[in-house]
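Asker: In case you want the letters, here they are:
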Amino acid sequence: MAGFLRALGRLFGGSTPEPASPAELEALRAAYRERCESFRRLLAANNAALDIMASMEEALRGLKPFGMTFVRGQCARVAANVFQIVRQLSLLTHGRYDALFDRLKEIQARIAPHLAPRAGQVRGPLVLPLEQTGVDLADEVGGKVASLGEVARRLGRRIPPGFAVTASGYQRFMAAADLQPEIDRRIQAADASRLDQVFALSSALRTLILAAPLPQDLEQAILAAYRDLEARTHPGVRVALRSSAVGEDALGASFAGQYHTELNVPAEEVLGTYKEIVASKYGVTAMTYRLTRGIPDEDVAMCVGCMAMVGAKAGGVAYSRDPLDIRAGRVVINSVAGLPKAVVDGSFDPDVFVVERGEPLRLARAEIVAKPRKYVCDPAQGIELVDAPEDEAVLPSLSEAQALEVAALAVALEDFYGLPQDLEFALALDGGLVLLQSRPLHRSEAAQAAAQDGPAGPDVLASGGAAASPGVGCGPVFAVRKDADALRFPEGAVLVAAQAHPRWAPLLSRAAAVVCEAGSTAGHLANVAREYGVPALLGVAGALEKLAQAGEVTVDADNRRVHAGRVEALLENRPAPRNLMEGSPVHAALAAACEHIVPLHLVDPDAPEFAPGHCATLHDITRFCHEMSVREMYLAGGEGLEGFSKQLTSGKSRLKYWVIDLEDGFTGPVAGRFVDIGQIASGPMLALWRGMVAVPWAGPPAADAKGFLSIVAGAASNPELDPTMATTFAVKNYFMISKDFCNLQSRFGFHFCTVEAQAGDDPQENYVSFQFKGGAADLMRRVRRARLVAELLEERGFRVEVREDALFARLEGLDRKDTLDRVAVLGYVVIHTRQLDMAMANDGLIASLRDKMDKDLDGLSAAG
Amino acid sequence: MHILLVDDETEFLDLMTKRLDRRNFQVSTAANGVDALKVLETTPVDVVVLDVRMPGMDGIETLRRIKALTPATEVILLTGHANMEVALEGMNLGAFDYLLKPVAINDLIFKIQDAAKKSGKTT
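Keeping their order, the protein sequence lines are chains L and U.
So the first sequence is numbered by the numbering used here: it starts at 648 and just counts up by one.
So the second sequence is numbered by the numbering used here: it starts at 115 and just counts up by one.
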């Protein structure tokens, strides 16, 4: 090693007189090139790792939904990049810091438990009779079936006879076909933020499940249970199959109808229908729901309740409390003639009965509407929508006595569970009341006392209907008439549709408000709107026609009005959007993993704690390796490698820039410790330099008093930012160059940035990348600066991502000249955004700065 | 430059072959680890792009054998099954890098070019 170092010294400006042989020289050059490659790879992995960490931090704030595939993916990617960093540092330092490999492994072991699926393998029976289930078996049969079983077992209420295919049955099915890994893979490959991809993914996953064969033992168990049900009822009994998922009630979320229910199924279809219900776990609504609520996909086992079909005279949904005013003592019943399906899917307006609590219960109000159609069991199979006889259509679907009986059941269930309930019921052909399902009612904050006395406002476009979910929302109208419209639904728009159809539920996570012409506040869409906190107004006559072309509107669900434009006065008191991810299992998993990834403890490179043994997180390792690699490459280290880098001069001035020549970045051999800008042959470096010096820097813009204070506060809370503590490396800027390549690492004032560019003959290989982060002002100002820079760069063809105060920009595929022009732009940006963050409180100032920068940049490309 | 793509998803192989062809790479494919090793025994390959989860011999075992057979061949792991432990195991066995599907074709090409540089091939 000593010989190698002496030779290196000779090669790079040392003073030993004896000349090296050509073979020796070539070997040295190769070794040198390899070190440079290592350093470059380390920097690339360093930037990638920081980028991933920033995305994880951003996700933690919970503004956008993410699933376990995101958490696992980011953890795997960040670990691979940190490994790369450690590996390259090991090559650079001949293994001096190899203890880091063990640190990395230890950190990984601490993260791993948070990423593992939570659902344990259950090994119970594959099917269970309904009467034997209860809430103690909720993990085996799902919440829906469990509570139904409980009601029958403990309250003796009538439920349809039947059985449940259990979570064990579900897992048996998934394991036999080895489905879960394939499902995970496909979810990872899809972009969950694009609705068209979610629809395609949903369809692919359902096809996958339907194509998978049922294992023999499960098939036998289901058929045996069906024969047993026949024995208890009658041969050939039709059944209803309903989903009953395990693992989704973790948040107290009650989310109706997101899965498939199949009614009136004949014997020979039971097995196929079972698979369909299982496949409905991957319906668009259900997947979107899990994603938005942070429920891990693999934690959800799909159990299926299979019960004898109740041919209903009438049916519907009852709430033991008014969902819009939970404190009032009213029971609200929505019912129709025939099967209750019409109420659940909002296909037409139901009768509404309001019953006051008390001894005895009292019918306070009955709103009977014409119901020209109804759902009935088709004699062959399934159900059909038929016209109701004219005289029957106007009759109440329930008599007063029946409404009171339903209300009594709702009150009894609430008393039993100690929570307001949402139940689906049917009146059997024999007139008896049958409970079909019961679940906790999703609470919504009571609508504020409506300010109906105030003026209606100048531009009321539509009014009336029922507030299905309270609040005020504003956005551009987007009319949804068919599925294809749904695919194009933009973030933040107001959903306007004819019917409150469950099909539109996946759109609610991105909607600002909902207005429908028809639909009941008891329907599925209304439930979802309340759960997501999206204001919804249903039953607004002519809404589509009145609003479709309205542009931006403000929906005031509390006062049942839709205003033209943005009405700030109404929006002011609006509650902040909820962080739906907060408190969810997925959010918790990410937070726990991030604990071992994101925090940075190694802030002072001169402190004794700046050592591998003190690296507690992946960020620590990243920081440590970066610092050590820079020392190794640019500074006289323990190995005596001086001469690797040269200080840049311009005429007689020594600049605070150091340059490493990777290969052919200088015009010729350069001896000594300095290199003049005139000796640089690297195209990208010269272009960068051109941008940096094109317009003299006027010094930091005047900071307002608050801006200055925020810097002081920022510096005090972060020792890295305190200029008096700056280490020798803090003020240096490092270039690494070859003829067609340039990498600049720099720390200007309080912000760190990297520019990298390749500009050669082949446009396919050319690229420019830029990232920066940091600053001394508070986060709000730094974020604004990042946005300002992002706009400038986007206008010049860069792809830009801003995450909090960090910015990542990239561009590729341009020819040499265009690439160099963009590099010059970055040179300008690097210099002129110095400490801009301080001035970022004032909108007027931002605009004028932007104008100046725009002009400067245009001048730059004209000059180039 | 010669690239070997190993993946049990034929759709993926077809798509990638087409795209890499267009960039003037020479592309061979294999649907599993055993076939990949057979290709490597007869054909000099600069960079292998290897799926991690495949029926039969998995990607990690395939990587181990590739590194034993032709240590100079660089291997990029590209997987649809993100797993931190597997990522580190693969890197530790000498994988050039670990990428997740879906990957932007440009990012993959940059990675392949970088890996080729390391294996000594520059064009």
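Rather than coming from a laboratory, the hints here were simulated on the basis of the structure.
A hint or two may mislead.
[Said to hold, decoys possible] From chain L, some residues computed to sit far from chain U (all C-beta separations above 10 Å):
no., residue
1, Ala727
2, Ala759
3, Arg770
4, Arg832
5, Asp838
6, Asp843
7, Glu1003
8, Ala1216
9, Val1250
10, Asn1380
[Unchecked claim] Some, not all, of what chain U presents toward chain L, calculated at C-beta under 8 Å:
no., residue
11, Arg167
12, Gly170
13, Arg179
As the structure is a computational prediction, the values presented were derived from the model and not from experiment.
A virtual CB, placed ideally from N, CA and C, is assigned to each residue, including glycine.
Asker: Does each hint fit the structure? Answer for all of them.
Answerer: Hint check:
Not every beta carbon of chain U lies more than 10 Å from that of Ala727(L), the smallest distance being close to 4 Å; the non-interface claim is violated. With 10 Å as the threshold on Cβ separation, the claim that Ala759(L) sits away from chain U is violated: the shortest Cβ distance comes to roughly 6 Å. Remark: the non-interface label on Arg770(L) is consistent with the geometry, its nearest Cβ contact in chain U lying 25 Å away (cut-off 10 Å). At the 10 Å boundary, the C-beta of Arg832(L) falls inside the reach of chain U, the nearest C-beta of that chain being 4 Å off.
The beta carbon of Asp838(L) is not kept farther than 10 Å from every beta carbon of chain U, the shortest such distance being approximately 8 Å. Listed as outside the interface, Asp843(L) is consistent with that label: its C-beta sits roughly 15 Å from the nearest C-beta of chain U, beyond the 10 Å cut-off. The Cβ of Glu1003(L) sits about 55 Å from the closest Cβ of chain U, beyond the 10 Å cut-off, so the non-interface label holds. With 10 Å as the threshold on Cβ separation, the claim that Ala1216(L) sits away from chain U holds: the shortest Cβ distance comes to roughly 46 Å.
The non-interface label for Val1250(L) is consistent with chain U: the shortest C-beta to C-beta separation is roughly 26 Å, beyond 10 Å. Every C-beta of chain U lies more than 10 Å from that of Asn1380(L), the closest at about 25 Å, which supports listing it as non-interface. Interface restraint check for Arg167(U): the shortest CB-CB distance to chain L comes to about 7 Å, inside 8 Å, so the restraint holds. Because the beta carbon of Gly170(U) sits about 13 Å from the nearest beta carbon in chain L, more than 8 Å, this interface hint is broken.
This hint is violated: Arg179(U) has a C-beta 21 Å from the nearest C-beta of chain L, more than the 8 Å allowed.
In summary, the structure is inconsistent with hints 1, 2, 4, 5, 12 and 13 from the numbered list given earlier, while agreeing with the others.
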